[in-house]
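Use the sequences and the hints to build the structure in full.
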Amino acid sequence: MAPRREPKRATINDIARQAQVSTATVSYALNDLPGVSQETRRRILEIADRMGWRPNSSARALHRSRVDAVGIVLVGSNQVKGVLPEFLLRFLPGIQEELASRDILLIMHNVADLATANRTYQSWRDERRVDGVLVLNPYQDDPRLPFLEQIGLPAVVIGDTREVSTIPSVWTDDESAMNLAVEHLAGLGHRRICRIGVRSQYRHSLAREQLFRGAMERVGLRADLMGYHHKSDPAEEDVLSRWLRSDDPPTALIHEDPTLAVETMFDLQHRGVNVPGDLSIIGWDDSVLSDVVRPGMTTLHRDLFQYGMVAARQLVLLVDGEEASHLRGTTTELLVRGSTAAPHA
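With the first letter of the sequence shown counted as 1, position 226 gets the number 226 in UniProt numbering; the numbers rise by one all the way through.
Calculated from the structure, these hints are not laboratory results.
You can take every hint at face value.
Simulated restraints on C-beta separations: (1) Arg-218 / Glu-333: 15 to 23 angstroms; (2) Pro-146 / Asp-49: 39 to 47 angstroms; (3) Met-51 / Gln-140: 42 to 50 angstroms.
For glycine and all other residues, C-beta sits at the position ideal for the given N, C-alpha and C.
Encoded structure:
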């Protein structure tokens, strides 16, 4: 008698095909995350139940001491309030796609601070809830990195931490990106260029401040207009207005947040400031609005979907016991739209 074949176990990809949605949507629904309508979530859960889907690959996972799940702990007030930054809206689907192709579940958790993030990592490791984690937005002197090394939980950092940690990181070349932006604006004739960052405690934001100084120096310009836009501090939101009222105002802006760059443009237009006539604007990364607003927003474009896939792939290598090193995740290109032009004479 031929051996009885075990029925094929349903995967996230199977559910996505049956529901006619993306694998990212399935993972959002199964994790009870925002971004999926109640009707779609209900339909996905019904299909998953009907197909007998379970989050763990039980027999295989037990054999390899794996749970086939990886985690992300989101730190900060924006995520805790259920608002995902533009970067994550484009980055997470790439992670989801890569993990789903291997039938690995992504678990996401929101916390308010770094100390709570470390307690979550400890709990996940002790309870064997995840095989590894992706660490987003590394801070200056980030306590998560030595803690993860200490407890031995496999991790990959999203951001350049090569100088401060042995944990593998996936990063993008911000120096080349900043040079593209500054050289584009200088080439149009701008001599007063300002930069607005988002969170001064992030390593990448502080690094970009130094890269801005270097790029400006290379084209022979002063880098004396740099500030930060803190959503929780209304006083900080007026930094651009103060510059524009000065005796030597900027004629161009590089904004670190693509959504806030668009909001800034709308606010300036409402106040009678012409974009790009009075002020040219470049947004770092694309927003869903970048190509539909008028004028269109010139942006530093990274393939964040591909970036997410590369990050997930590195973590899977690490979990599988293979070597994972620091790696560039994707390249950056300048997409010139209507928000940049030569300054008024």
